[in-house]
Amino acid sequence: MGRHRSSISDVRRIGSGTLALLLCGALVACRGGDAETDASGLKTDVGVTSEPCPEAVDKNKGCIYLGIISDLTEGPFRALAVPITDAQKAFWKRVNTAGGIGDHEVDVTRYIRDNKYNPQTHNQVYQEIKPNVLALAQTLGSPTTAAILADMKASNVVAAPAAWTSAYAFEDVIVESGANYCLESMNALDYAREAYGVKSVLAVHLAGDYGDDAAAGAKLAAQSLGLTFNAVKTDSGADKQAGAIGAILSGRPDLVILTMGPADAAAIVGQAAARGFTGRFIGTSPTWNPALLQSAAAPALLARYEQTAPWDSWGTDTPGHQALRAALGGVTPNEGYTSGWVWSYPMKAALTKAVAGGDLTRAGLVAAVKSLTSVDYEGMLPAGAGNYAAGPNEGAVRVTAVYRPDRAAPTGTKQVRPLFTGPTAKAYTLDGPCYAKL
Amino acid sequence: MTEFLESVLRGLGTGSVYALLALGFVIIYKATRVISFAQPAFMLAGAVLVTYLVGPVGFWLAVLIAALLTAGLALGVERVAVRPMVGRPAFVVAIITLGVDVAVRVVVNGFIGLDVRHVGDPWGLRTVAIPGTGIDLQQRHLGAFLTTAVLIAALFAFFRFTRMGLAMRAAAYDQEAALAQGVSVGAVFALAWGLAGGLAAVAGTFAAAGASVDAGLWLIALTALPVIILGGLDSLPGAVVGGLAVGTIQELAASYQQHAPWLGGNVSVITPYVLMLLVLLVRPYGLFGTREVERV
Chain A
1 MGRHRSSISD
11 VRRIGSGTLA
21 LLLCGALVAC
31 RGGDAETDAS
41 GLKTDVGVTS
51 EPCPEAVDKN
61 KGCIYLGIIS
71 DLTEGPFRAL
81 AVPITDAQKA
91 FWKRVNTAGG
101 IGDHEVDVTR
111 YIRDNKYNPQ
121 THNQVYQEIK
131 PNVLALAQTL
141 GSPTTAAILA
151 DMKASNVVAA
161 PAAWTSAYAF
171 EDVIVESGAN
181 YCLESMNALD
191 YAREAYGVKS
201 VLAVHLAGDY
211 GDDAAAGAKL
221 AAQSLGLTFN
231 AVKTDSGADK
241 QAGAIGAILS
251 GRPDLVILTM
261 GPADAAAIVG
271 QAAARGFTGR
281 FIGTSPTWNP
291 ALLQSAAAPA
301 LLARYEQTAP
311 WDSWGTDTPG
321 HQALRAALGG
331 VTPNEGYTSG
341 WVWSYPMKAA
351 LTKAVAGGDL
361 TRAGLVAAVK
371 SLTSVDYEGM
381 LPAGAGNYAA
391 GPNEGAVRVT
401 AVYRPDRAAP
411 TGTKQVRPLF
421 TGPTAKAYTL
431 DGPCYAKL
Chain B
1 MTEFLESVLR
11 GLGTGSVYAL
21 LALGFVIIYK
31 ATRVISFAQP
41 AFMLAGAVLV
51 TYLVGPVGFW
61 LAVLIAALLT
71 AGLALGVERV
81 AVRPMVGRPA
91 FVVAIITLGV
101 DVAVRVVVNG
111 FIGLDVRHVG
121 DPWGLRTVAI
131 PGTGIDLQQR
141 HLGAFLTTAV
151 LIAALFAFFR
161 FTRMGLAMRA
171 AAYDQEAALA
181 QGVSVGAVFA
191 LAWGLAGGLA
201 AVAGTFAAAG
211 ASVDAGLWLI
221 ALTALPVIIL
231 GGLDSLPGAV
241 VGGLAVGTIQ
251 ELAASYQQHA
261 PWLGGNVSVI
271 TPYVLMLLVL
281 LVRPYGLFGT
291 REVERV
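Protein sequences appear in the order of chains A and B. Just so you know, we're using full-length UniProt numbering here: the first sequence kicks off at 1 and counts up by one. Just so you know, we're using full-length UniProt numbering here: the second sequence kicks off at 1 and counts up by one.
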């Protein structure tokens, strides 16, 4: 009997312990969920503290925590992702050194997580850091960001994406920069038609809204320009490109638009050229890595490959580029640094506007983003860029630059066409994500 | 016809890499009755070693040293992680090799760094014309095929004509009987792992020839799994024939997939598995595998 009573009491103890744990968990989950107003009248909720940042420049200022979810170890874009992340750390350090955002500095170092370019991992680490951050200074990848987008919208978590899919123009919680893959491909076709007189196009692309978006842009442009168009999906991995190479060699298009990782692109360009393909290749910006100039595909890349980009490269002389180079010191030049730096400007503008409006809650930050009419990119993008208030079509940035491989250039590429908006991209009405039209 | 023959030749080149990988799997399986999932990591380690050694010592010496070092690594893994598990269920040891694979790859990835690396092979993407046929053959595929042929000949000679080779065949047939006859089964285990590691290093190097080494290179080794099931898990000739067959079918599928667009854009990726399923339907022990008979 005593044993029975003891067992009942054990069960009760375990039950009440479990209940207490659940309550604690609920409290932790809701931590920061209630808005507070500080002495200066600034309303805050999640990810903003009155205590200084771990690496504060001014210990009297509070801290705004931003998360970073990137491809830092073994995914296909790590060669870009690591410098993107380093550039963002340098960007926010510069902001903090210049006085921060109102009475707060910004920390992007405490909540950095690796997504391995895997949507499930991306969502998992997002859930880990979400209770502690106001917004995301970086969410890398289109398919990975898609895995958390619904939650971001439900929780008012604003994010600067490290990706360019056209769907972001339709999301209030995303502060995208530069032309999306769709408009970039349209500009690529306008350029290739003018420069090489191409009449047929094949888009070789990864599945998902990175590859599909660029392929859709190429398809829409080809229809508009009266070019023959075909598309073939491929998979990530240099050993998985045999099908794409076969499609190129059997179709013999004048132009191949590539949207994939650098090793995949090199395998396709190198092996297609080795088997007699004489057409041109244009890759979207993530297809390039300077190390490819040391590969067996280098002669083919130098002869047949060009790369489009949504902004000017590392060595350009705008105030923003100069600040980037000064902040990063003697690093080996890499366009990942340029991209990470550019992507940070709209988040800075949104935080500044939210603080000025007295509402630095998550909802306040979303409202600030929706009312932004311009972002000061310090010359890295044309004036007028960053007009999120104008809506997807009017606010879309449509400029693209074209580069070609060059061993002498700091990042292995040299500009052949400065930032321009082609007639196709200019005339296109962005009325929905392009990839839906592929 | 030219396109068909060029596809077959490319397939034999790719298939040579699969054959080397599959041989490693089969050698370990025959010696220890365990499928080693650490082969992908040894393959990656070997290729990365070559990228570091090729500058100072040249390509061929780099391949030789990398194969020896990777064999040493495999020996170490066998001694530290696998030997203590002798007598435990094969499934448990297989799971340990999975852990070894992940651990070794994490370390090796650190040596790859952010950018892709190159094995510095002498062929690149250059081709050689076969006189009078109009057929162009990539030199790297020819290099892979000839190197694999030499290694296979050496391996078969080793198993056929040396005392250790005989001991390995005896241990593969019946470990207890071999032990009773004075064969050092421990040495057989160690040598099997060492051989498999060395073969994986050579396979990794040829997989990266004309391309590049990145953290995803190990995935090629997974194609060796349908190869060994197809050829027969305990058959060395099966591994060779299976590897060459899978490589050839893959290339033919890639070359002619445009005639069946309803199959999707990259059907060659799944052809090894389709081929494996088809063979298993008619020969459940693979093309050359030993049929097991159990009394009930």
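Any given hint could turn out to be false.
[Unchecked claim] The following residues of chain B were derived to be distant from chain A, with all beta-carbon distances above 12 Å: (1) Thr147; (2) Ile152; (3) Ala167; (4) Ala190; (5) Leu217; (6) Leu278.
[Said to hold, decoys possible] Computed footprint of chain A on chain B; a stretch qualifies when at least three of its residues, placed anywhere within it, have a C-beta under 8 Å from a C-beta of chain A: (7) 73-80; (8) 91-104; (9) 117-131.
Think of the hints as simulated: they come from the structure by calculation, not from any bench. Remember, predicted model here, so these are calculated numbers, not experimental data. A virtual CB, placed ideally from N, CA and C, is assigned to each residue, including glycine.
Checked hints:
no.: 1; hint: Thr147; verdict: holds (17 Å)
no.: 2; hint: Ile152; verdict: holds (22 Å)
no.: 3; hint: Ala167; verdict: holds (36 Å)
no.: 4; hint: Ala190; verdict: holds (31 Å)
no.: 5; hint: Leu217; verdict: violated (8 Å)
no.: 6; hint: Leu278; verdict: holds (20 Å)
no.: 7; hint: 73-80; verdict: violated (count 0)
no.: 8; hint: 91-104; verdict: violated (count 0)
no.: 9; hint: 117-131; verdict: holds (count 8)
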